[in-house]
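Q: So you can see what is in the structure, the chains are spelled out below.
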Amino acid sequence: EADIYQTPRYLVIGTGKKITLECSQTMGHDKMYWYQQDPGMELHLIHYSYGVNSTEKGDLSSESTVSRIRTEHFPLTLESARPSHTSQYLCASSATGTNSPLHFGNGTRLTVT
Amino acid sequence: QKEVEQDPGPLSVPEGAIVSLNCTYSNSAFQYFMWYRQYSRKGPELLMYTYSSGNKEDGRFTAQVDKSSKYISLFIRDSQPSDSATYLCAMMGFQKLVFGTGTRLLVSP
Chain A
1 EADIYQTPRY LVIGTGKKIT LECSQTMGHD KMYWYQQDPG MELHLIHYSY GVNSTEKGDL
61 SSESTVSRIR TEHFPLTLES ARPSHTSQYL CASSATGTNS PLHFGNGTRL TVT
Chain B
1 QKEVEQDPGP LSVPEGAIVS LNCTYSNSAF QYFMWYRQYS RKGPELLMYT YSSGNKEDGR
61 FTAQVDKSSK YISLFIRDSQ PSDSATYLCA MMGFQKLVFG TGTRLLVSP
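As given, the protein sequences belong to chains A and B, one line each in that order.
Position 96 of the first sequence, counted from 1, bears residue number 96 in my numbering, the numbering being contiguous throughout.
Position 8 of the second sequence, counted from 1, bears residue number 8 in my numbering, the numbering being contiguous throughout.
Just chain A, same shape as in the assembly (with noise of 0.2 Å):
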């Protein structure tokens, strides 16, 4: 059973709208990543953090923002969603050593119409 919890699972919203897709975990994890997977492709990282107040940019160029203020919680952020943006979001966390392996939330599936 997962202990990193994503929510809303699925969410359909008109363009232009801000969305925000939550993220916790409780396993005290000081890495955090968001994971953009459109049907088969490989998962691509578009943020990740290293402990609070740390956010970096991933590998794909993402026009969302994330933060985090708390440990356990890392938001993602879209100020205008465009038709573009549907696909899967995965949330993930890792334990603080350099090659520990990740572990998935259940993940959010956005349409933007």
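Rather than coming from a laboratory, the hints here were simulated on the basis of the structure.
Treat each hint with caution, since some may be false.
With a straight-line Cα cutoff of 20 Å, these simulated EDC-like cross-link-like pairs (lysine to aspartate or glutamate) come out [what the hints assert, rightly or not]:
| no. | chain 1 | residue 1 | chain 2 | residue 2 |
| --- | --- | --- | --- | --- |
| 1 | A | Lys57 | A | Asp30 |
| 2 | B | Lys70 | A | Glu42 |
| 3 | B | Lys96 | B | Glu3 |
| 4 | B | Lys96 | A | Asp59 |
| 5 | B | Lys2 | A | Glu42 |
| 6 | B | Lys96 | A | Glu42 |
| 7 | A | Lys31 | A | Asp3 |
| 8 | B | Lys42 | A | Glu22 |
| 9 | B | Lys2 | A | Asp38 |
| 10 | B | Lys96 | A | Glu56 |
| 11 | B | Lys56 | B | Asp83 |
| 12 | A | Lys17 | A | Glu63 |
| 13 | B | Lys67 | B | Glu15 |
| 14 | B | Lys42 | A | Asp38 |
| 15 | B | Lys96 | A | Asp30 |
| 16 | B | Lys67 | B | Asp7 |
| 17 | A | Lys17 | A | Glu56 |
| 18 | B | Lys2 | B | Asp66 |
| 19 | B | Lys70 | B | Glu15 |
| 20 | A | Lys31 | B | Glu45 |
| 21 | B | Lys42 | A | Glu42 |
| 22 | B | Lys42 | A | Asp3 |
| 23 | A | Lys31 | A | Asp59 |
| 24 | B | Lys67 | B | Glu3 |
| 25 | A | Lys57 | A | Glu72 |
| 26 | B | Lys56 | B | Glu45 |
| 27 | A | Lys17 | A | Glu79 |
| 28 | B | Lys96 | B | Glu5 |
| 29 | B | Lys67 | B | Glu57 |
| 30 | B | Lys2 | A | Asp59 |
| 31 | B | Lys70 | B | Asp7 |
| 32 | A | Lys57 | A | Asp38 |
| 33 | A | Lys57 | A | Asp3 |
| 34 | B | Lys56 | B | Asp66 |
| 35 | A | Lys31 | A | Glu72 |
| 36 | A | Lys18 | A | Asp30 |
Just a few of them, taken from the derived set where beta-carbon distance is under 8 Å, the chain B residues facing chain A [stated by the list, open to error]:
| no. | residue |
| --- | --- |
| 37 | Pro14 |
| 38 | Pro44 |
| 39 | Leu46 |
| 40 | Gln95 |
C-beta atoms are modelled at their ideal positions from N, C-alpha and C, and glycine is treated no differently.
Fit chain B to the known structure of chain A by using the hints.
A: Just chain B now, with coordinates in the frame of chain A:
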């Protein structure tokens, strides 16, 4: 060329078969290897995590790493319909983590 290559499948097998899932990679910096299982509409779940070359067994699952050939495998013995999912390989080294695109496995009763 992608750093990690994984056949997308689908791979269809009958219940009870031995399944072999594979990934190849090109970056010799990768030292840690993972297999994730992802059911439809769920997040990836960590199945196996290995470091060295050789085999690691966990129940019906065996992960094999051959660093000299840059090739990793996941074997599933006595496959069950509940094993039907997408299997993602992932590799890590020097703080770089790369995922394969996943192989879809279908186990029919």
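Q: Give me the numbers of the hints this structure contradicts, sorted from smallest to largest.
A: Structure breaks hints 13, 17, 19, 33, 36 and 37.
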